[in-house]
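Undergrad: Residue strings, one per chain:
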Amino acid sequence: MVKRLILHDLPPQMADKLYTYDKDTTVFYAYPAVRHCVGCFGCWIKTPGQCVVTDRAREFCDMMPRQDEVIIISKLTFGGLSPDVKAVLDRSIGYMLPFFRIINGEMHHMQRFASSPALTYHFYQTAGKSAQKETAQKLAAANALNFGSSKVIVRFHEDDVLISEVLL
Amino acid sequence: MKIALINASPKRGDSASRTLLQALEKCLHDTEIIWHDSASGDGEELLRAVGGCSALVFAFPLYVDGIPANLLRQLEQACPSVAQAAPEAKVYALVNNGFYDGCQNALALEMMQYFTQEAGLTWGQGIGVGAGGMMQSAPIGKGPLTRLGKTMDVLADTILQRRSAENITIAPNFPRFLYIQAAHMGWRLQAKNNGLKKSELYKRY
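Chains as they are written, first to last, in this note's numbering: chain A, 1 to 168; chain B, 1 to 205.
Isolated chain B, as found in the complex (with noise of 0.2 Å):
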């Protein structure tokens, strides 16, 4: 069985989405692992990489509330084709965003679902996964991203088993008013880093 797990953020480099895939590779145990970079390339690339794929695990953030223009270009490309490269292949997606809610990713986790039937392939499983800033800063299993780990361990166990099932979205073990206040520091320190005041973040053009 051959999996590719098709890192989608258009950041280089770190990401929630590379975070992400890296947590569910540990857990997909005996099988080939096909990595693929989508933050830039076309279709044509996306094609090559998928061939022979059983599963499709694409992850990516939620941008404006989709699929991001990156991605969504490579699957516009890639759609009419890759069911000729992958003819058996399941779609799996993995959506985060910054916000604490994964439920906010259930459109991007429905417009995958539309290019999965138009492609002419099967729908596995998405997850919507919220909180995406906090992937780089706790352990995947541990603390405040607990859930995230079991949910890990059960969606590599559906994709290994050929199985498909529900779309679910998750939030962290962590309380939300504690969530904002984290992220409102954060900014704030960013911004402080690049020399900018407080009231500067604000500013209208």
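Here chain A stands alone, though its shape is the one from the complex (with noise of 0.2 Å):
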């Protein structure tokens, strides 16, 4: 079975059909929030791979590395994640290695394992924002290059995010 997880930020009613999907998905949600970023680089230079605050944005990190997938779900916010999912993902930093390396003829960061979830984003309530959607886009593409990932799939959904179009 392919093991996925999912990040998001629906709103409890929708989010509550998430959790009974199938037991190879796991579901973290990103509200309440977790607490943001500090920037103390403990996770690569004190507990390398682990964030030193110890809230539950640590389980997010764990659990990334032994998924086939990992599937977020964010309202599209100023061209990018949401507060509640970017805080989630800030706090995800320690998954790379703190040196780095060439690619593309850019400088990135090294990578902690071997292999990468693939990444799937779903941006939704969408609709009249279409400039915003391409830095999304562009957004994701930088995303995966920094997580190591090598497969990336974005989609955009103009008012809510149905999950019968997430799980598919």
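Think of the hints as simulated: they come from the structure by calculation, not from any bench.
Warning: the hint list may mix true and false statements.
Unchecked claim - Cross-link-like lysine-lysine pairs, in silico, DSSO-like; alpha carbons within 30 Å at most: (1) A:LYS17 to A:LYS129; (2) B:LYS2 to A:LYS138; (3) B:LYS203 to A:LYS151; (4) B:LYS26 to B:LYS2; (5) A:LYS3 to B:LYS203; (6) B:LYS26 to A:LYS46; (7) B:LYS11 to B:LYS198; (8) B:LYS192 to B:LYS11; (9) B:LYS150 to A:LYS46; (10) A:LYS23 to A:LYS46; (11) B:LYS198 to A:LYS46; (12) A:LYS46 to B:LYS11; (13) A:LYS133 to A:LYS46; (14) B:LYS142 to B:LYS26; (15) A:LYS23 to B:LYS203; (16) B:LYS203 to A:LYS46; (17) B:LYS150 to B:LYS11.
Starting from the two chains in their separate frames, assemble the complex, guided by the hints.
TA: Take a look at the structure:
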């Protein structure tokens, strides 16, 4: 079975449907918000791979390496992720190494793990935001490069996202 | 003219964002400056701080290719009311990253432009600064940060004249391979000071 991790900021009445999906799908609700990253770099130089702040955001980073796919569902916010979803990803940089390498002529982080899960983004409430969608597309590609994911899919939903569209 | 310098680094104390704003402040003569710290707090506090300002200058580090969550939340909360609090304001952004290439900040600058647009304010300019890690080890305006110093002079002039300009991204006056070597040495040294062996930095969990 494909192991999947879903990070989302959906309203509770929609989120409930995610939890009953299957045993290989783990759901991480971005709400209530996790504490935000304070840029201490402890996840690189004190407790490598793990955030030094011991709230539930640690669980997300711990689960990432064991997934085939990470699905991120977020309200499109200024061309990117919502604050709650972003707070979780900000706390996950221990997934990478602090060291650098050059890819396509640019500096990026080296990877801690030999392979990374595929990334799938579902941005919702995107109606009338065509320019922001372009930025979100570029954001997903940049995230994939920095997290070492070789496959990235981005889907946009004009209004709310339907769970049946996420869990294909 | 009242200018808000908004330090949105999530770090307490010294940070590259604070250093950038301090360098800019030195170039902003004969004007009222308001400092606001967005490391924590909410959109209400941000709104109170920027009330009546004609320029809002945000400085923050690039986090996972975008705006750090602490600032993102405050922007989302403040967005519907900021044009009432500061109707004449132009928005400027200084984004720094730990990579050498300033161009990797371009997406975060685009995101700040969408905030500006949704808030009903006017975009001033965005500066994407590479090699943020050098900001506290070399003086801005000299040596490897000569280009950055000139950029701060020009940005200050743009702000004081209430102009808008194209976004720009800059890298340091320093070879990239040396920057990488220095950064790698720095990580290993910090880890050693924390009692870790070199191999432990690569630990898989």
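Undergrad: Each hint should be assessed against the structure and marked as holding or not.
TA: Consistency of the hints with the structure:
no.: 1; hint: A:LYS17 to A:LYS129; in the structure: holds, 27 Å
no.: 2; hint: B:LYS2 to A:LYS138; in the structure: violated, 35 Å
no.: 3; hint: B:LYS203 to A:LYS151; in the structure: holds, 25 Å
no.: 4; hint: B:LYS26 to B:LYS2; in the structure: holds, 15 Å
no.: 5; hint: A:LYS3 to B:LYS203; in the structure: holds, 23 Å
no.: 6; hint: B:LYS26 to A:LYS46; in the structure: violated, 36 Å
no.: 7; hint: B:LYS11 to B:LYS198; in the structure: holds, 26 Å
no.: 8; hint: B:LYS192 to B:LYS11; in the structure: holds, 22 Å
no.: 9; hint: B:LYS150 to A:LYS46; in the structure: violated, 37 Å
no.: 10; hint: A:LYS23 to A:LYS46; in the structure: violated, 34 Å
no.: 11; hint: B:LYS198 to A:LYS46; in the structure: holds, 12 Å
no.: 12; hint: A:LYS46 to B:LYS11; in the structure: holds, 17 Å
no.: 13; hint: A:LYS133 to A:LYS46; in the structure: violated, 37 Å
no.: 14; hint: B:LYS142 to B:LYS26; in the structure: holds, 15 Å
no.: 15; hint: A:LYS23 to B:LYS203; in the structure: holds, 28 Å
no.: 16; hint: B:LYS203 to A:LYS46; in the structure: holds, 11 Å
no.: 17; hint: B:LYS150 to B:LYS11; in the structure: holds, 26 Å
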